[in-house]
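Hey, can you work out the whole structure from these sequences and the hints?
Number of protein chains: 2
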Amino acid sequence: MKGNLNHQSNKNSIKGVEILSIGTELLLGNILNTNSKWISEQLSSIGVSHYRQTTIGDNLERLTKVIQEISLRSNLLITTGGLGPTPDDLTTEAIANAFNNHLFEREYLWVEIQNKLSKLVINNENSSLRKQCLFPENAQIVNNPRGIAPGMIWNPTKEFTIITFPGVPSELKEMWKESIHEFIKTKFSDGSIFFSKTLKFSGIGESSIAEEIEDLLNLRNPTVAPYANLGEVKLRITAKSTSKDDAIKQIQPIKEELERKFTKYIFGEDDDTLSSVIINLLKDRNESIVFAESCTGGLLSSSITSEAGASEIFKGGIVAYSNEIKQDLLGVPKSFLDTHGAVSEEVAEKMAIGVKNKLNADWAIAISGIAGPQGGTEMKPVGLVYISIINPNNKHTNIKKLYNSRRNRCEIQKLSVNECLNSLRLILLSNKG
Amino acid sequence: MKGNLNHQSNKNSIKGVEILSIGTELLLGNILNTNSKWISEQLSSIGVSHYRQTTIGDNLERLTKVIQEISLRSNLLITTGGLGPTPDDLTTEAIANAFNNHLFEREYLWVEIQNKLSKLVINNENSSLRKQCLFPENAQIVNNPRGIAPGMIWNPTKEFTIITFPGVPSELKEMWKESIHEFIKTKFSDGSIFFSKTLKFSGIGESSIAEEIEDLLNLRNPTVAPYANLGEVKLRITAKSTSKDDAIKQIQPIKEELERKFTKYIFGEDDDTLSSVIINLLKDRNESIVFAESCTGGLLSSSITSEAGASEIFKGGIVAYSNEIKQDLLGVPKSFLDTHGAVSEEVAEKMAIGVKNKLNADWAIAISGIAGPQGGTEMKPVGLVYISIINPNNKHTNIKKLYNSRRNRCEIQKLSVNECLNSLRLILLSNKG
Numbered sequence: 002m003k004g005n006l007n008h009q010s011n012k013n014s015i016k017g018v019e020i021l022s023i024g025t026e027l028l029l030g031n032i033l034n035t036n037s038k039w040i041s042e043q044l045s046s047i048g049v050s051h052y053r054q055t056t057i058g059d060n061l062e063r064l065t066k067v068i069q070e071i072s073l074r075s076n077l078l079i080t081t082g083g084l085g086p087t088p089d090d091l092t093t094e095a096i097a098n099a100f101n102n103h104l105f106e107r108e109y110l111w112v113e114i115q116n117k118l119s120k121l122v123i124n125n126e127n128s129s130l131r132k133q134c135l136f137p138e139n140a141q142i143v144n145n146p147r148g149i150a151p152g153m154i155w156n157p158t159k160e161f162t163i164i165t166f167p168g169v170p171s172e173l174k175e176m177w178k179e180s181i182h183e184f185i186k187t188k189f190s191d192g193s194i195f196f197s198k199t200l201k202f203s204g205i206g207e208s209s210i211a212e213e214i215e216d217l218l219n220l221r222n223p224t225v226a227p228y229a230n231l232g233e234v235k236l237r238i239t240a241k242s243t244s245k246d247d248a249i250k251q252i253q254p255i256k257e258e259l260e261r262k263f264t265k266y267i268f269g270e271d272d273d274t275l276s277s278v279i280i281n282l283l284k285d286r287n288e289s290i291v292f293a294e295s296c297t298g299g300l301l302s303s304s305i306t307s308e309a310g311a312s313e314i315f316k317g318g319i320v321a322y323s324n325e326i327k328q329d330l331l332g333v334p335k336s337f338l339d340t341h342g343a344v345s346e347e348v349a350e351k352m353a354i355g356v357k358n359k360l361n362a363d364w365a366i367a368i369s370g371i372a373g374p375q376g377g378t379e380m381k382p383v384g385l386v387y388i389s390i391i392n393p394n395n396k397h398t399n400i401k402k403l404y405n406s407r408r409n410r411c412e413i414q415k416l417s418v419n420e421c422l423n424s425l426r427l428i429l430l431s432n433k434g
Numbered sequence: 002m003k004g005n006l007n008h009q010s011n012k013n014s015i016k017g018v019e020i021l022s023i024g025t026e027l028l029l030g031n032i033l034n035t036n037s038k039w040i041s042e043q044l045s046s047i048g049v050s051h052y053r054q055t056t057i058g059d060n061l062e063r064l065t066k067v068i069q070e071i072s073l074r075s076n077l078l079i080t081t082g083g084l085g086p087t088p089d090d091l092t093t094e095a096i097a098n099a100f101n102n103h104l105f106e107r108e109y110l111w112v113e114i115q116n117k118l119s120k121l122v123i124n125n126e127n128s129s130l131r132k133q134c135l136f137p138e139n140a141q142i143v144n145n146p147r148g149i150a151p152g153m154i155w156n157p158t159k160e161f162t163i164i165t166f167p168g169v170p171s172e173l174k175e176m177w178k179e180s181i182h183e184f185i186k187t188k189f190s191d192g193s194i195f196f197s198k199t200l201k202f203s204g205i206g207e208s209s210i211a212e213e214i215e216d217l218l219n220l221r222n223p224t225v226a227p228y229a230n231l232g233e234v235k236l237r238i239t240a241k242s243t244s245k246d247d248a249i250k251q252i253q254p255i256k257e258e259l260e261r262k263f264t265k266y267i268f269g270e271d272d273d274t275l276s277s278v279i280i281n282l283l284k285d286r287n288e289s290i291v292f293a294e295s296c297t298g299g300l301l302s303s304s305i306t307s308e309a310g311a312s313e314i315f316k317g318g319i320v321a322y323s324n325e326i327k328q329d330l331l332g333v334p335k336s337f338l339d340t341h342g343a344v345s346e347e348v349a350e351k352m353a354i355g356v357k358n359k360l361n362a363d364w365a366i367a368i369s370g371i372a373g374p375q376g377g378t379e380m381k382p383v384g385l386v387y388i389s390i391i392n393p394n395n396k397h398t399n400i401k402k403l404y405n406s407r408r409n410r411c412e413i414q415k416l417s418v419n420e421c422l423n424s425l426r427l428i429l430l431s432n433k434g
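Just so you know, the sequences run in chain order A and B.
Residue numbering for the first sequence follows this note's numbering, beginning at 2 and increasing consecutively.
Residue numbering for the second sequence follows this note's numbering, beginning at 2 and increasing consecutively.
Hint data in this document are derived by calculation from the structure and do not stem from the laboratory.
Note that the structure is predicted; figures quoted are calculated from it, not measured.
One should not assume that every hint holds.
Which copy is meant is left open, because identical chains are indistinguishable; a pair holds if it fits in one copy or across any two.
[Unchecked claim] No more than 27 angstroms apart at the CA atoms, straight line, and that leaves these computed lysine-lysine pairs for DSS-like:
id : residue 1 : residue 2
1  : K174      : K201
2  : K245      : K16
3  : K335      : K402
4  : K245      : K38
5  : K201      : K401
6  : K381      : K402
7  : K335      : K396
8  : K284      : K235
9  : K159      : K66
10 : K265      : K117
11 : K38       : K174
12 : K402      : K174
13 : K38       : K66
14 : K198      : K117
15 : K235      : K117
16 : K117      : K262
17 : K401      : K117
18 : K245      : K132
19 : K245      : K159
20 : K235      : K38
21 : K359      : K335
Right, dumping it as structure tokens:
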């Protein structure tokens with residue numbers, strides 16, 4: 002229920018900015034409206050306040066009416082969706098309708114579209130794709146570098162601007178960055194900006210954080226807002242100010258207070274991930290790492306290698322899903338598997354030793370556990386996970402986790418990977434390595 | 002861009018149903034509006050059409066105005082958010098304002114709230130929490146079994162009903178199931194339901210599908226709607242009917258037509274994934290598989306092991322990120338790496354042979370490529386990927402892909418994994434195995 006920051010301002014617009022999302026799939030609940038959130042964030046970041054978002058289906062009459070309504074109370078309307086070639090793509094038509102205007106074909110756009118598609122899929126001159134070349138006469142075309150359908154910037158009246166985007170998020174984002182960001186910033190921002198700094202936490206829950214910082218959560222400017230993901234909590238500190246430098250100054254004391262209070266739980270800021278933090282820590286030490294994974298089945302390796310720069314510290318891994326591979330490739334003694342079972346501290350430790358020797362690295366992490374839904378027993382239930390981390394001096398840190406039984410397979414895998422990375426982070430920071 | 006199905010019906014309401022999401026955090030782009038999607042799905046499932054969703058900030062004046070607007074064009078308004086104890090929680094107050102009504106405290110609710118909180122956090126009789134006991138005189142209270150703030154069902158006028166929910170998704174869902182589902186179904190549904198069947202495609206683009214089924218995309222009931230994700234297209238067939246059985250009967254001929262037209266591209270239905278399909282195909286043949294991954298860094302293994310049942314066919318994998326591991330563990334000759342480079346058909350093939358022998362399985366897949374952003378050259382640009390698949394008779398299928406240079410690292414990894422899985426699927430189906 003955080004508030005107030007985005008109410009007021011906007012250069013020449015007391016009337017404000019609105020977002021209109023178009024698509025019956027949104028009303029049917031088939032897809033999440035991620036576009037509205039993304040555009041909202043962009044508007045916030047350049048200090049443009051918007052007051053309302055509307056979602057409407059692919060219906061010409063209703064669409065036309067809602068555009069007319071919005072034009073009476075706002076200066077800028079940003080639409081997403083309905084620019085494609087199918088009969089249900091009605092956005093440009095509805096906009097023209099709303100202002101008793103007509104659409105005209107831009108011949109050069111048809112050439113562009115044909116080139117984009119290498120002419121392969123276009124059957125004839127009557128292709129439905131041709132619809133995407135129709136625009137009001139004086140509309141400015143917005144190039145779509147990632148897709149087919151262009152957007153437009155159009156002023157149907159002196160006081161009202163409409164910008165259209167396709168519904169595909171990647172196309173929208175690229176078009177925003179290439180053509181729209183500067184346009185809106187110049188025309189609709191009063192010069193104030195919102196600036197945010199996000200601190201990322203691992204190993205602590207949202208409510209534990211919230212209880213300790215009730216005073217900060219009640220601040221008005223900057224604001225502090227918590228968000229929780231699986232195995233990770235973020236606190237976003239947002240300041241409204243006239244300049245980025247000033248916003249940073251406002252944010253700094255709050256950031257420092259949080260860092261004092263939650264030292265070991267904060268693993269990074271903004272775009273940092275546990276993986277990127279680990280890569281940087283190991284790079285600084287000029288050390289390498291390898292993994293042996295059972296229940297996480299490659300997710301730990303995949304998390305590290307999703308980050309650019311992984312190759313500087315990550316040599317490789319062995320996904321030892323079967324006991325055969327644990328034995329043959331990682332050298333886990335059969336007697337260990339028989340006596341302790343594959344999911345045990347003893348086997349996890351042997352897996353770590355095995356992969357470190359086999360792949361010849363400074364550090365190794367091994368994981369063995371039961372991700373479910375099958376395979377659990379009373380003694381070893383679904384959610385039981387053993388992790389073993391070996392440092393360059395061959396000292397082990399062994400960890401046992403038992404995740405809540407309500408967790409599904411993918412959640413247990415993800416939480417296990419987070420636990421590996423965060424535990425390694427704490428070991429590296431404590432200089433126990 | 003699908004339409005029309007959810008336009009019309011609703012028992013006594015030609016005017017329709019709307020959802021209003023309240024909270025400045027939504028306008029700031031701090032959080033995704035998952036509540037609207039969830040409610041939309043619920044309404045669809047009981048055949049209640051809604052025509053519009055609105056999002057508005059925590060501002061009394063704007064909130065009051067938008068509620069008045071909605072009351073003039075709809076029969077039912079469902080609100081989420083703004084029921085908490087802070088000064089920014091204004092929903093109930095705005096609703097009363099909109100109809101010139103007053104709020105009265107329900108004494109028994111205050112007792113309930115105190116009990117829920119074990120009196121621990123309540124300092125005095127003037128607690129801000131007390132605000133959550135205020136409702137219009139004739140509103141019906143909706144119990145909140147998961148949280149503190151109750152909701153309400155209120156008829157400010159004869160023709161207009163408002164239902165309020167808190168913004169916390171888990172509370173909303175519980176309240177919906179316990180108190181609201183039946184109420185809306187009885188009062189606002191005409192007894193019809195929506196039922197959907199989704200077909201999933203790989204190896205073909207959305208526009209190529211759309212061009213071939215223009216007639217189907219124009220159907221009114223059932224409707225056929227395409228959605229594209231990275232490397233995957235879905236067609237959702239939705240029927241509105243009086244029963245699930247009848248809806249399935251309506252969907253069947255369309256499904257069969259699509260299956261005829263796109264035989265080899267359709268890999269599954271509804272919750273199927275390429276991984277789950279591969280697991281089932283190999284399980285039926287009683288064959289096992291192993292992977293050697295370079296540029297995908299464990300993502301292929303992780304995709305397979307994210308599905309329950311993977312252990313029946315997947316023995317393990319080697320993430321050979323460094324050339325050292327490609328040589329030592331997979332037996333790729335140094336001369337191959339020197340002559341052809343790690344990213345080459347020759348090395349991918351040797352990796353596949355190496356992992357198949359080392360881990361002793363019926364099938365093997367190897368991938369080597371350049372996921373970027375660094376590491377590309379003119380001869381071997383970012384996006385170049387070699388895949389080698391070996392069948393139980395040691396016959397190779399080698400694939401070369403060059404993904405668009407606009408693709409980022411994670412997209413190239415994901416598309417490569419899709420290509421591996423879909424190619425294997427086609428080989429398995431062609432009985433070339």
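Hints and how they fare:
no.: 1; hint: K174 x K201; verdict: both (24 angstroms within a copy, 26 angstroms between copies)
no.: 2; hint: K245 x K16; verdict: within (26 angstroms within a copy, 47 angstroms between copies)
no.: 3; hint: K335 x K402; verdict: within (24 angstroms within a copy, 42 angstroms between copies)
no.: 4; hint: K245 x K38; verdict: within (22 angstroms within a copy, 34 angstroms between copies)
no.: 5; hint: K201 x K401; verdict: within (24 angstroms within a copy, 39 angstroms between copies)
no.: 6; hint: K381 x K402; verdict: within (11 angstroms within a copy, 44 angstroms between copies)
no.: 7; hint: K335 x K396; verdict: within (23 angstroms within a copy, 33 angstroms between copies)
no.: 8; hint: K284 x K235; verdict: within (25 angstroms within a copy, 42 angstroms between copies)
no.: 9; hint: K159 x K66; verdict: both (19 angstroms within a copy, 26 angstroms between copies)
no.: 10; hint: K265 x K117; verdict: between (51 angstroms within a copy, 26 angstroms between copies)
no.: 11; hint: K38 x K174; verdict: both (12 angstroms within a copy, 22 angstroms between copies)
no.: 12; hint: K402 x K174; verdict: between (40 angstroms within a copy, 26 angstroms between copies)
no.: 13; hint: K38 x K66; verdict: both (24 angstroms within a copy, 23 angstroms between copies)
no.: 14; hint: K198 x K117; verdict: neither (39 angstroms within a copy, 32 angstroms between copies)
no.: 15; hint: K235 x K117; verdict: between (41 angstroms within a copy, 23 angstroms between copies)
no.: 16; hint: K117 x K262; verdict: between (54 angstroms within a copy, 25 angstroms between copies)
no.: 17; hint: K401 x K117; verdict: between (54 angstroms within a copy, 22 angstroms between copies)
no.: 18; hint: K245 x K132; verdict: neither (43 angstroms within a copy, 37 angstroms between copies)
no.: 19; hint: K245 x K159; verdict: neither (32 angstroms within a copy, 52 angstroms between copies)
no.: 20; hint: K235 x K38; verdict: both (17 angstroms within a copy, 24 angstroms between copies)
no.: 21; hint: K359 x K335; verdict: both (18 angstroms within a copy, 18 angstroms between copies)
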